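Protein sequence lines correspond, in order, to chains D and V.
Going by UniProt numbering, the first sequence opens with residue 1, and the numbers climb by one from there.
Going by UniProt numbering, the second sequence opens with residue 1, and the numbers climb by one from there.
Among the hints, erroneous ones may be present.
Said to hold, decoys possible - Listed below are several chain D residues computed to face chain V (Cβ distance under 8 Å; list not exhaustive): (1) P58; (2) D81; (3) G302.
Stated by the list, open to error - Derived pair list, reagent style BS3-like, types lysine-lysine, alpha-carbon separation capped at 25 Å: (4) V:K191 to V:K171; (5) V:K100 to D:K300; (6) V:K171 to D:K300; (7) V:K100 to V:K30; (8) V:K171 to V:K253.
Hints listed in this document are in silico derivations from the structure and should not be mistaken for laboratory results.
All values reported here derive from a predicted model rather than from experimental measurement.
Every residue, glycine too, gets a C-beta built ideally from N, C-alpha and C.
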Amino acid sequence: MGQFVQFAINGLMAGAIYALIAVGIVSVYKATKVVNFAHGYLIMFGAYFYFTFAVIVPGQPWAPTWLASWQPAWMIEMKGDLPMFSPVAAVLDWVANLPRILLGLAGALVCNAILGRIIERVLMRPLMGQSIFAMIMVTVGLISILSGAAQLIWTADAASVPYIAPNMPIRFELFGTMIFLFGTDLVNMFVALLLFGGIVAFVKFTKGGIAIRATAEDQSTAYSMGISVPKVFSRAWVLASTTGAIAGAILATRNGISPSLGLFGFSVLAIVLMGGLDSYVGVLIAAMVVGVLEAMTQWKMGGGWAEIVPYVTVLVVLVWRPHGLMGQKEVERI
Amino acid sequence: MTMNRRSFLATTAAATAITGTPMILRAQPKEYVLGASLPLTGPFATAGQLVAPAFAMAAKLFNDEGGIAGTPIRFVTEDSGYVPQNALNNYQRALASEGKNMIGYFADSTGAMKLIAPELKGENARIMGSTSFASELADPATHPYQYLSGPTYQSQFDILLQNIKNEGGQKVAFIFSNTEFGRDPIEHGRKRAEELGLEVVLEESTKAEGADIPTHVTKLAQSGADHCILQGYVTGVWPQLIGGARQFGLPVKFKGTFWGMEKLIADRITAEAGPFLAGYEGVMPYRYFYDREDAPRYQQYAELSKAMFAGTPLENYMSTWAIQTMCGLEIAMKAFRDTAEAGQELTADNIAENLAGISDWDSGGFFGGPVSMENNAIGTGRVYGYNPEDGLFTPKSDWFTV
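Using the sequences plus the hints, can you model the full thing?
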């Protein structure tokens, strides 16, 4: 039982990250009906912006030393001879890195928001009123542009970034089994779920959110009701880009920085389809189910199966409910 | 003069003799070409971009030495994006444009080697090296024109398992990426471990990128392994797995194979996340670049690097990945030169025969001593360990030959 709980938690932690990635795809789809195939690459840019502001900028000769590593006397004294992975040492390491972590997150958020805005303004808005298919194809083309641009700017070098939260080991006994968790993964999960909840609340309860929902229902009616549809488009892209920036930063702390981060978007697309392209709650459930299924399959059947079983489940769900778990069924009136 | 049947035949024979002689002379081209596909983009672009400059250096070095019996050699490199089909397309294009002048090709993956292998027939056959150490390729019966520039992954596992046995290890875990590269030596390793009396307590496959580290580390913790061999990773996953295990307080000793043994990656991880790679060991077929006291060829490389790559990180350090490529090119050049010196035409069959016959070759310091080609591979290597304090991998065993 203890082991079951261990793998279930591991799965939930992975699922929360999937959900945070998926929320961007759903936001853009809800507002514009465009499935953004390039979302993974927006996330990759978020990761690289985090890397730029948390690693490259603090490492410059002109940057103040406290930015790279804030080491006041009390901290050096406290660290003393602490073992490397003791909880206190992990927290102190995190505090030392805090200035650059905050700079990294702020930089990633701002830069990715600008990037999202540029994409919407330059590539998507001119296509408003055209076929949705054309807009989707633009996102496919965007994959090559973003992937190539990232390698031009940052090269293909792999690199590491500082953890967003203290990465102390957490151990406790449950049903006679020692449970191991990484502190940073738990925090990542809470950050992802908080952001997810915040976005759902925004869409449900704020004026801007209602505008997104109205536009998703019917663009022409939304226009006639005085809603600025271009603004809604823009807001959705910025929302996707900023959540993508956080997702990118979290992914970078888990897997390191490399151009292959962009590929995550594709596996999450399957999760979005399973949940329902226009349903935040459906996508959250799907992300958690896939995360837990992956962990359980890895536990019981090994890695070969872990890459298949969850996606077979996605297919089964789609055969059963073609519009996803909680997606809106479209009725075409002729 | 009237043209009758006899005089026509005589004239034709004479004309053929005259025009045929230059044809033979033309068999000696103005330059030879060796084509290459490198992963300059895609998931292994880090490695590809570190390897690419080696070709520029090789061209300078080999041509300054007189090329192949006085004929210069030119390298033509193209990006594959680490997609085997792209490498095959590159190969076919190079073959079409360079024709017989192209006497060899260098591919960037096992997949590319296997995809191109069926093309190597008759007139289209070329000698092929690569970045791969795939065990399947080390078989002259099925892959007569392809060679490995070091030990197969299976041989690397043999070396590591023997080393673990020598250290008194009892329980071994294999963690590998769910790729051809990752799975290659697992079955063989299981058998070899059994022969050595080692118990394989975990065989865990992971994603090649973005693996679920907590889950894998949990399984490693539950397995009770005292040693863990990591296989099938380049820049990612292996450092995170080791970091995760250390955070959990696992005393497991980690060992890696060639692609997980690059100093540049270990240094970056140490700089960002602390010295948790202390004690990490792995098998390396070649000397590291800084260990060049007994490696005259490395000393030549060092001089060239200073001149050719001044102001770049390559000026002082050549990655193990680039060293592997240089070794592959050196082996090919030796086979080309041996073939030319024997007065043979540089056909794939002649070159392959000379390559297979490489025996007691003094490589100039790549390996611990003279080496021989066996089954188109060189089964030698030794265990190195990483020290985060000085950022160096240093020898932890003698050279093993398997």
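Legend entry - Violated constraints from the hint list, given by number and in increasing order: 1, 2, 5
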